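One line per chain: the protein sequences are A and B, in this order. Throughout the first sequence, residue numbering follows the working numbering, covering 1 to 443 in sequence. Throughout the second sequence, residue numbering follows the working numbering, covering 1001 to 1344 in sequence.
The hints are simulated quantities; they were obtained by calculation from the structure and are not laboratory data. Note that the structure is a prediction, hence the values are computed from the model and not measured. There's no promise every hint is true.
[As the list claims (entries may be wrong)] Computed beta-carbon distance windows for the label pairs:
#1 B/P1076 x A/A91: 41 to 51 Å
#2 A/T440 x B/L1113: 23 to 33 Å
#3 A/D240 x B/F1126: 53 to 63 Å
#4 A/D367 x B/T1154: 48 to 58 Å
#5 A/E315 x B/G1092: 51 to 61 Å
#6 A/D126 x B/G1092: 35 to 45 Å
#7 A/G216 x B/G1105: 33 to 43 Å
#8 A/N87 x B/G1105: 53 to 63 Å
#9 A/D298 x B/F1072: 23 to 33 Å
#10 B/M1194 x A/D283: 44 to 54 Å
#11 A/N341 x B/G1092: 42 to 52 Å
[Said to hold, decoys possible] Once the Cα atoms are required to be at most 30 Å apart in a straight line, the calculated DSSO-like pairs of lysine-lysine come out as:
#12 A/K71 x A/K163
#13 B/K1089 x A/K71
#14 B/K1057 x A/K141
#15 B/K1057 x A/K252
#16 B/K1089 x B/K1310
#17 A/K183 x A/K257
[Unchecked claim] Reference listing, derived: stretches of chain A covered by chain B, where coverage requires no fewer than 3 residues with Cβ under 8 Å from a Cβ of chain B:
#18 70-77
#19 108-117
#20 152-164
#21 241-254
#22 372-379
#23 400-409
A virtual CB, placed ideally from N, CA and C, is assigned to each residue, including glycine.
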Amino acid sequence: MIRSRAHWATAGLAVTALAGLSACSAGAAPGGSTDAEATGPVTIEVWGWNAETGEQVAEAFNEAQDDVTVKYVLQASNTATQTNFQNAMEAGSGVPCLVQGFAPLTTMVVNGWAQDITEQVEPSADLYNAGALAAAQVDGKYYGLPSGSDGQFYIVNQKTFDKYDVEVPTTWDEFVDVGRELKKHDVDVTNLAGEDPSGLMNLAQQAGAEWFAIDGDQWVVNFTDEGTLAAADVFQQLIDEDLVSNQTYMDKPALYKYFDSGKMASTTTQWWSLTGYQTGFPDSSGDWAAYPIPQFSDAAEPVTPGRTLPSFVPEGCENPEAAVAFSDWLTTPEAIEAGRNEETGAVGFPVQIPDPSAYVEEVVPKDFFVDDKAAGEEIVAAQERVIGKFELGPDYDAWFPELQDQWGKAVAGEITLEEALTAVQEFVAADLESKGISYTVAE
Amino acid sequence: MSVNTHDNHAGLREPVPGSPHDRRPGGGASPRGHTPRGHTPRGRIPRWNWRTAQSVKGASFTFPFLAGFALFVLVPVGMALRESVYTTKSTGGLGFGGQTVSFAGLDNFAAGLVDGPFWAGMLRVFLYALVVVPLTQVLSLALALLLDAARRRTAARFRIALLLPYMVPGIVATMVWIYQYSPTVGPLTPFFEMFGLDVNFFSSSMVWVSMGNLAVWGAVGFTMLILYGALQSVPHEVFEAARLDGASELRIAWSIKVPFVRGSLVLTSLLSIIGTLQLFDQPLLFRAVTPETITRDFTPAMMIYDQAFKVGNLNYATALSVILALVVGVASAIIYRFTNREES
């Protein structure tokens, strides 16, 4: 947690939250139960850890309409939100009506925390893009609020590419070839942090992998399907031929220095990382260019990986429609404007709406890209193609550390990625067994 | 150490004690000379004689501590024990239907006793302790002896400086050292390069050294302070006698000072062993730099954390905690018994 992945994730979530996820919850809405009909607005509590703009967005919402009053309860962090939320659920009182997602949605469902809000969400589905709607569902029902995922795109150090006369890859096979080409000049095509398997998860998602599927009353576990093995193959070649570096996110100054040195030619990324790059890459700023993320050559249509932790309405909230109303309002231009950070002057990129192109200029940092306009277009395009959903099953928290362990060994060359994935699959099976959850391992 | 100071004062005041006896608390330190003969509280609490009243009054000073101890130690231990004999399972299907808790007896303990990764972690920290604990003690003792030999004013300055690492929270210290170790931005790699050494503190083979160095750095100040405190209580006339007999400073340190602080050494060793067996935050952070070496169940405490907060098996995690506590308790008892016997 403490590991860098969480770092990135937290940073991303904090920003995402201001775009649209700020959770809400309808704690002890006093007028809610019996004689509420004619009286004043419904009051709901929204829990999240968006210290920058959470409250100002809630205030703007309260001013904009008279039906719902949102009280934004600022939590210290992702972990603090989880702790306080679990306590409230245990106590059965003070349960909020909207909570910023602190864990994958299916985990919320398995723990009995998220309520089915299909009825409330469906009428306003038009407000959201397909990825946001997909991410909010488990087993075909909405247990989460539609939440935008940050679409992945690909940035390259154009100067390095030009210097060695290398073409920017459009497929993952080309990507590996580029790695071989650059290696001749002692340049790494990208960095694979040993502690962070999210790159593998993203690539597997892009390749159409399905680690967990629901078949009637049981889970179908498959960490070695065609898509996953295709993704693993890309990384395996990079590792075997030593085409990548393995710097840790924990040592961020070192990582940025290395990214900035021109010795690392490219990386996949998402919009919220850009500001950090701009300040962290003093030397190479201005040399970078954005491109679509490489595709698998047999892909039917281009897709971009991207996942999210949707906000949800807890069980026990009596006003789910109020939570959904707030979430819907967050897609409006006035809400996005209300989320403008007073200090930095930046708005959050509204990744949940169908067309965020009007706001992209705001998230492209100045003087980082060779061509700001082209970069903006790539960011929007990545958003349009984002998959959003990648089912992580009922015990993500249990198996993710195991995946980290196995990924670390594979990146260090101790085992192959296929062996690593098989080991994770065995771990998942054993864990589901011990938890009494029905499953089958796909052949 | 308050014990030692007490002995010291008693020793200085009373001319009797010649031999270097290091008494444990409760031995000789009774409230001598404080008999309040004048005002017996006979009127207020008629049923008690003054001795009982005195004891009750004295004992009452411990109530705030006992209340805290009960609330934050005994009650949680009780709850943990209860938790450890149950098992929580999903009601089946996709796992969406809630959970059932059932009594499992000692199943969790039975599973824990044969849990390979758990005991592998235990062996790991045990071997690590074999190196780190003696190293810490020896270094601290050396520093304490040097400080003791220095003039008081000089000693005071160094004492603060040496204690500084102990004041830095463990997580912060680890972060600081991770940057020191960093092969790219840290100062240590170029430093060793000056001598033609290519040292990568983040590599799998070096991670033990990296963590051990950090642990020693953090613990030396505290241990040194305790030993230094104990050294202050050595009666100075013993040194004078030794010097008159022609003993060198080195001989005095080895034959008089070290035996005198043996009791404190036992204490600091025990604290050090307990801390090492519970090794947690350092490997947790170093996990990011060598994930292929430091797995999620690398030490017993890490495994317990993983079981409790990642896997979500609180019942099993508490059972493992109890086992770890027992191991630490047994290890402490053995060392205590062993060193005490040597003393007598």
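Original post:
What hint numbers does the structure not satisfy?
Top reply: Violated hints: 1, 3, 5, 8, 9, 10, 12, 13, 14, 15, 18, 20 and 22; rest satisfied.
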